[in-house]
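Participant: Got chain A sorted already, so can you dock chains B and C onto it with the hints?
Residue numbers (this note's numbering), protein chains in the order written: chain A, 21 to 472; chain B, -11 to 503; chain C, 42 to 157.
These aren't lab readings, by the way, just hints derived from the structure by calculation.
Positions of the beta carbon are idealized from the N, C-alpha and C atoms, including for glycine.
A few of these clues could be false.
[Said to hold, decoys possible] For each label pair, taking beta carbons as the anchor points, the in silico distance ranges come out as:
id	chain 1	residue 1	chain 2	residue 2	range
1	A	LYS415	C	VAL129	50 to 56 Å
2	A	LYS415	B	ILE96	56 to 62 Å
3	C	ALA117	A	GLU286	31 to 37 Å
[What the hints assert, rightly or not] Chain C side only, calculated, beta carbon under 10 Å to chain B, not exhaustive:
id	residue
4	SER92
5	VAL93
6	ARG94
7	LEU121
8	LEU123
[To be verified] If the Cβ cut is set under 8 Å, some of the chain B residues that face chain C in the computed set are:
id	residue
9	GLY475
10	THR495
11	LYS496
Here is how the chains run, residue by residue.
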Amino acid sequence: MSVVETNGKQTVCDGMAAIEMHDEYELIVIGGGPAGLGAALGAREHGLKRILIVERDVDLGGILNQCIHNGFGLHYFGEELTGPEYAAKFVDRLGGQSIDVLCDAMVLEIIPGEDGHVLRLMSVEAGYCTVRSRAIVLAMGCRERTRGAIQIPGTRAAGIFTAGTAQRYVNIEGYMVGRRVIILGSGDIGLIMARRMVLEGAKVLACVEIMPYPGGLARNIVQCLQDFDIPLYLSHTITKIEGKERVEKVTVQEVNDRFEPIEGTEKVFDVDTVLLSVGLIPENELSHVAGVEMDAKTSGPIVFENGETSIPGIFACGNVLHVHDLVDFVTTESEGAGRAAAEYVLRQEDTTHVRMCENESYISLVIDESVAYTVPQRIRVLRIDDGVRVFFRVKAPHKTPKRIVFRDGERIVASFRRPCMTPGEMEHVTLQRAELDNVSGNELLISVEEIR
Amino acid sequence: MFDVAIIGAGVVGCAVAYELSQYELRVALIEKENDVAMGASRANTAIIHGGYDPEPHTMMGKLNVEGMYRCFKLCEELDVEHKKTGSWVVAFDEEQRVTLQMLLVQGIANGCEGLDILEGDVVRLQEPNLSDEIVAALWVPESGVLNPWEFALAMAEVAVRNGVTFMPNTEVAALSWRGNHYEIGIRIVGAWHSATDEDMAKKNTCLSSPPKEKVVMPDCRAMKISARHVINAAGVESDRIHNMVAPPAFEIVPTRGEYYILDGTAAGHVVHSVVFPCPTRAGKGVTISPTIHGDYLVGPNAEVIDDRTDTSVTRSALLDIADKARRVVPDLDLRTSIRNFAGVRSNSTYGDFFIEKSAANFIDLAAIKSPGLTCAPAIARVAREMLREEGLPMERRTLWRGGRRVIRFKAIPEEERAAFVRAHPLYGRVICRCETITEGEIVAAMKREIPPVSIDGVKRRAGTGMGRCQGGFCGPRVLEIIARESGRDPLCIEEDGCGSIILIGETKNPTCREI
Amino acid sequence: MKEYICIICPRGCHLTVDEENDYAVTGNGCLRGVAYGREEAMHPTRVVTSSVRVRSEKYPRCPVKTDLAIAKSDVAKAMLLLDGVELVPPVHRGDIVIASLFCGEANFIATRDIDE
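So that you can see chain A by itself, here it is in the shape it has in the complex (with noise of 0.2 Å):
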């Protein structure tokens, strides 16, 4: 590509010193979350010296800012912190790295090229710039399933807000979203806002969910359900919403296992408010404008086992990959992420690398109905050093131990005894080198199997 045109002003965020924008960087990290400060940090730390992070809010830290509440680093740091906490270590650790950050900025495209991709981005301060970039890492997060995708039926009241929303009016802007309020979705955010409704002096009568098991964590339906004696009702779902400009009244119906309302199990609550926490999906408008190939089963890229998704140079990590349950896998992943990044762009010099990496071959994860899906999707065998880490979600809760098993055709390859599983908690195993290498074909089946 050409010279490229570039707005080069000073700008300043958050109260650390004034950068220069450059035209061209090793590493433009799209999102100041845990993952995209993970990826940053993983990327310094493995040589890179020219990085910019670009945050849409004012602020570092992503989704964390708004999770006051505790249950995070148990896993990576050994103690439980909230999510300000959590995010701080990490928004510490950038101070006197000389990494780039500009807040409350947006990147608009991503036009991948083969000599360095370009970015167009914007804010008030900098204005509208295109940047280069060697490689980027893709690390926007997700966002929530909204009434519409679901199609409740009703009046489109006032008071219903998907739970990250109230939590950002509660949290952020200290603002009260409702008195008496019903959950749609047991998952850990709708559980978490259970609890800080009732604790902000709300009455939170009940969460419904669809499924007949829970689908957040069995931590946060003790303490933020059975802690205040707010009812949990399985396979329920909401059938309709009532309410002129302000929500009114909610009917509540069991549900079959086809998820149809059975007739004649209507409950009808008094409630002003509506959380909806019923999933989250991957944020990736710009991962799919810029050609990146995508998994539907997860929602976001396909990646190699180094993070790397279908186009060279970029990678991605966190809730943009797949939806984490646990921040500390978020920045793990994300490290690792940075990590690739660094190790590409140190490399685009060595010219025997790059040839080599076009015709790389790799094996590709299939997996069976018992797995709902398995980040990463593909493993360049040649490229593991000691072992590569598999994450994966089941598809039906298992309350007794099983196996995990990877086939090569008939033959075993690996096998992993676990406990129990759930579809809300996210899975991982270690696939050895030694072990890919004995692979014929280029394709690893994963299954669930009862053990012998």
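Facilitator: This is chains B and C only, laid out in the frame that chain A set:
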């Protein structure tokens, strides 16, 4: 004393206001909701109809084609988003093919141009997703889609710019003829719009509970305004208004239509043009239509309801619409839906637009159902002529300022953006991430002739919250901008209509608690 | 007899605790469940997280937490204590917002920095 009072700021009322603003007249545009286009005008299929559907002897038939051409022209002049997509009416058997032939003849009688009936295979070359069972279709080139609420708003903005008085939150309670003018008893709706300065200053203003009825200000009971002429454009309430001054001549039969909005990116390509099934007595049927935003509208059904204000969506209707739509496009994936909505149409016992002078200086533009949106500019032309016949002096304004230009960041060519943002920095902050709408656009909307008062008011002007996250991300930010730009307390800002309060108080305030 | 779901590991064993029998625990899958069951039955504690007012345009609320778990029965009272607090920037992570809750060792502390 107003020369003309227009009751109802739906698309018809706004079109009349736009027409009359071109004359030296004192005009009041009275609306019971807190914004224009709050009724069926914003909850419809957004189609500029070709004009083959209504019978030639009806008002609908006489005004459709004229309205269609005027719509396209006005959308250009007023920078209202629109697209001449053309439309198809599809036939599944030979009996329906005969219907197509009838529509073709009818269309020609109504003044349509370029109509043609094509064989199923040829149609499928243009629209590959249409069912194999379609044997033929009527092609209507002079038709398309527009942004219906923007259309009404644009006309109202120009009207206000040229001296029309817009009176929102104003419900007409009584009409009495005083020999040479009407005395109009009005009620102002929405107490918090008139909260005292003291209330507004209190940071901890907390509403004791979300009101169940629209609150009426006590000191407004006796408010009256006067107008020499009255125009009834009150939509589903138009029979009630008519009956205040004349014996009943028609009855509104409120007919609800529900819709899906499918996300364009997720759904992939569905159709290029508007696709109708063959019409039946119930109406034009379940349509599949591209929107000007790149999404798809699927619907409506037609259900007669009792409560004229009931715009709820129902499971049974949505399932019914899904079935009918899949007959036309078998692979239609309704899981890509991002929103459902419903509108209540002013069908009536009269069966046609009720456009009559029903009493002294009183014109009914009542019972306006489909193709009312398309016909609105033509209806306004008719109203103007009727007013002239009633003896209203109509002198053209010498300094009428028409036209409208809206800056949409997304539409700025890439090579011009850097300079534009440098000159107008607020356009550098994206507020609605899904649709790439900037703060500059929201602030500009707040400064136009009819500023928005609610989150959805901003949505209808700037487009925020219409995408995949449905306002989850931008909602709190839009609320903050409305509060900042208008000086109003965030707690008073509504989601949509009067009374749709979003926030009930501040945290850490004991008076806001339920327990 | 009281019933609890153990939250120590994802198994979520259903515990039964007999207060009349020296808080004997049954239903546990491991020893950690015994300790958890007894604690929950005898003196359940919780860490409380919430927010307080801040005199700041940019950050109207500061998140806070108790630095130690407090008695579950004290949680509602602890929340009411936060109503009267208004912090003035600068606030630092770890700053004590309310000291010695209910004359115990736990304090409410700020969990983020607010500079202005």
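Participant: Confirm or reject each hint.
Facilitator: Now for the hints, and whether the structure bears them out:
1. LYS415(A) - VAL129(C): 50 to 56 Å: The hinted range 50 to 56 Å holds for LYS415(A) and VAL129(C), with Cβ atoms some 52 Å apart.
2. LYS415(A) - ILE96(B): 56 to 62 Å: holds (59 Å)
3. ALA117(C) - GLU286(A): 31 to 37 Å: holds (33 Å)
4. SER92: Because about 7 Å separates SER92(C) from the closest Cβ in chain B, which is inside the 10 Å limit, the hint holds.
5. VAL93: Holds. Min distance 7 Å.
6. ARG94: holds (6 Å)
7. LEU121: holds (8 Å)
8. LEU123: Cβ of LEU123(C) sits 7 Å from chain B, so the hint holds.
9. GLY475: Check failed: Cβ of GLY475(B) comes no nearer than 15 Å to chain C, outside 8 Å.
10. THR495: This interface hint holds because 7 Å falls under the 8 Å limit.
11. LYS496: holds (5 Å)
Checked against the numbered hints given earlier, the structure breaks only hint 9 and satisfies all the rest.
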